[in-house]
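Sequences are here, hints too, so could you generate the full structure?
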Amino acid sequence: LAHFTRACLYFDRAKFEEAIQTFTRALQVDGTLHKAYFFRGNAQVRLGREREAIEDYTRLLTVNPRHAAALANRGYLVARQGRLDAGLRDLNAALELDPKYAGGLYFRGVVRETIAQHDPNRAQVMLREAERDYAAAMAADPVMYKHLDAELERVRGKLAGNRQGPDQTPGLKHQALSR
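In this text, residue positions in the sequence shown follow the numbering used here: the first is 7, and each later residue adds one.
FYI, nobody ran anything at the bench for these hints, they're computed from the structure. The structure presented is a predicted model; accordingly, all values stated were derived computationally and were not measured. Where hints are given, some of them may not hold.
To be verified - Taking lysine-lysine pairs in the DSSO-like style, the calculated list, with each CA pair at most 30 Å apart, reads:
1. Lys21 to Lys41
2. Lys152 to Lys164
3. Lys152 to Lys41
4. Lys21 to Lys164
5. Lys106 to Lys41
6. Lys106 to Lys152
7. Lys106 to Lys164
See below:
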């Protein structure tokens, strides 16, 4: 437990490489400390190591398939790799476990909006669902997701057929994942 605690301190101080190494040591000492996979995955993301983060979230989900945040984070990262429908499946599963999980709602909205950009046949449905996800994320955590007002208005404009100006869809850019 001492390694895990130290790793969390490194993470909080944005010393992600040290956090990863110390989470790894914590897992070597106590293989049942499964939450270390989640936090190590988050540290991997901060260093741009998305493949390794997906592996850590998957390891955690092997022993705890009901970890909503790990499902949401993996889903978002899988979608960033271009596997939009696979990412959406993980996000849907996360939200079945925790329907008011604001981070998962936001990520699912981003993925749905990205699907709408790439698949005209599903665009209207995905935009409506992204709109609902953004509104639900704001309701679930109004402090963290207050910035979604602009995204909601943009999606509503697209639904109304108003395509004035450049598209400012957030897309699947690097986002701070849930902790």
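Inset, instruction - Starting from the hint list further up, note which numbers the structure goes against and sort them upward. - result: When the structure is compared with the hints, only number 4 turns out to be violated.
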